[in-house]
Structures are given as C-alpha cells and as structure tokens.
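Here is how the chains run, residue by residue.
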Amino acid sequence: MARLYLARVRVTLKAGVLDPQGEAVKQGLVALGYGGVKEVRVGKYLEVRLEAPDEGQARRQVEEMCRRLLANPVIEDFTLEVAEI
Amino acid sequence: MKFGVVVFPGSNCDRDVHYALGAVLRQPVDYLWHADTKFTGYDCLVLPGGFSYGDYLRPGAIARFAPIMPAVMDFARQGGLVLGICNGFQILLEAGLLPGAMLRNHCLQFRCQDTYLRVENNATPFTGRFAQGQVVRMPIAHNEGNYYADPETLRRLKERNQIVFRYCTPQGEITPEANPNGSVENIAGLINEEGNVLGLMPHPERCVEELLGGTDGRELFASLIDWWAKQRLHGAHNSF
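Protein sequence lines, in the order shown, are assigned to chains D and X.
According to my numbering, the residues represented by the first sequence are 1 to 85, in order.
According to my numbering, the residues represented by the second sequence are 1 to 240, in order.
Next up, chain D with everything else stripped away, as it sits in the complex:
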C-alpha cells in the first residue's frame, strides 16, 4: 500500500566553487547597511511529493533523483529530509 511522502531537498554549491550570484547578493546586503555580512552563497530548495511503500524507499528514490538530476555532482552537494504526509 503506497504512502505519500514529502521530501525537502537542499542543493548547494560545493565549497571552493565560486558563486557570482552569492557575491552580488552580498553586495546588495552591504549596500543596505549590513556591513558585517562576510559571504553569501545561494542554493536551491526543492519539494518532492511522492508515493512509496515506506520511508526508506522514499528516501532512497529521492537520493537517486538528486544524484541523477536534481544536483550536478561536479559542482553541487545535496541534503534531504523525508517525512510522511
């Protein structure tokens, strides 16, 4: 019997990969007066709702989705949380 799960995925740039967007956001914040901001890095947040027989399989599938499509392993890392909904 399939259950419904919500996976929350965070995709972030690997350390050492330059982030020009983050740099532009940082400059924006500094221009707004937040002089203490030292660095900004911009990532992606995705929500995947899927059916799966159990949480373990839901998690495994989403990890596979991350490795195959949602994150580019050359430049990105990912983390995920899965909960039944």
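Source of the hints: derived by calculation from the structure; they are not laboratory data.
Predicted model, so just to flag it, every value in this text is computed and none were measured.
Just so it is clear, CB atoms sit at the ideal spot from N, CA and C, and this is done for glycine as well.
Honestly, I wouldn't trust all of these hints.
Covered stretches of chain X (chain D as the covering partner; in silico rule of three or more C-beta atoms under 8 angstroms from a C-beta of chain D) [unchecked claim]:
#, segment
1, 57 to 67
2, 103 to 110
Beta-carbon label-pair distances, calculated as ranges [as the list claims (entries may be wrong)]:
#, chain 1, residue 1, chain 2, residue 2, range
3, D, Q27, X, K2, 46 to 52 angstroms
4, X, E159, D, D77, 23 to 29 angstroms
5, X, T175, D, Q27, 45 to 51 angstroms
6, X, T169, D, T79, 42 to 48 angstroms
Let chain D serve as the given structure and place chain X on it in line with the hints.
Chain X only, in chain D's frame:
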C-alpha cells in the same frame, strides 16, 4: 558528409546550423527530433544552441535525458563525431560526454558579443584548417558560460591537450579582460579524451558568411568535412 542537428524543445539555433551546413557548406543535413529514439547513417551530430527545456533546473540538465540522448551517447561512444554549441555544450557536460560543468557568468550579465579565441589544439577533426595558436573571432550569447573543472580534471585536460579554444585578446594573449564569463583558464571549448566530441560556447554557425561579419565559423565546419574525407580515403568509417 551527413550531419544530423538535434532539436530539443527550446533549441533555437538549429536553423542557423542547418543553414550553415546545408546552404553554405552544401552538405546533406537533417533535423533529428528529441523524441525519436533512433537514427542511422550520420557522420556527425550537432547539438545546437538555445534554451532547451527553458534552461530549467540547470541549462542542459533536462535535455540530457531526452529520448534521443541514449542513441546520441552510443553514437559518441562508438567514435561518431559530436559537436555541441552553447546549450549543446551544456548538454554534453550534463551528459558526462565532456568533463566539468557550467556556472553562471561571473559578471552576472548575459554576454552577447564577439569574442577572440585562440586555437590551442589544431590536431582535432574540428580544427584542422586552423593554425596552432591562430586567433579567430566568433560571437557568444550566453548567461552560463563560466566553465568550471576541479584542479585534478583541469590538470588532465591540459596533459591530454583537450583544451581547444581559449578566450584571448585580438593579439592572442590570454588575459582576464579577454574572458567574457569567468571561465577557468579562459576555456571556451574543449574536446573529450578520444577526440570525437567537441563542445564550445561560441557560435560558429553565426560566422559562416562575410555578410554576417566573419567566416571563422565556416572553417570549423570545413575542418570536419576535410577530416572526414581523409578518413574515407584511408578506408576508415564512422558513420552510424
């Protein structure tokens, strides 16, 4: 020499490539539809520029899984010639047919301009008509052309002469000012280890006639035709 130009949803440079190959270079050329899973009898495939799948998620990330791509990858693995231009280069990177990845231009601008390129390797099927170190001019039009490879990959690329084009000054110097997008080591185009797959961000199909302001792009396609003709003369064959 028979060319196939793959058309993905959102590709928009397919017609210019078809015109360059068919009308200017007078070669047989077909469009190959992204949803078809097989094709046969082609000597070279071109993945053209554009915004396949809207560049959603990452440029080329979704095109890489189009129904035609397994056949494209088989073709490349068997030694077939594959040319990826701009979005096509991005697709080849996402598909792993070329190493590395594309990031957003460091200046965060969509750069639409002519660039000067230095030919770093004229011993490829794509660059035989250029002199080693020759400076050519081709236009770019992209937002994500900032090529990235980690230090280990970069070392291997240099060791094996896989860097084919670098952004340079009109005098052929590799400088940060000549780099329109922040690409590591000013890399504008590179080839795989086997030498049959080339990806480049500039658009050769946009400089194939004097009316367009230059013909350096025509020489890239003509190099392929020369190379292929020589292979045929020697009895080699790589049409699949």
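For this session: Check each numbered hint against the structure and report the violated ones by number, ascending.
Result: Of the numbered hints, just 5 does not hold.
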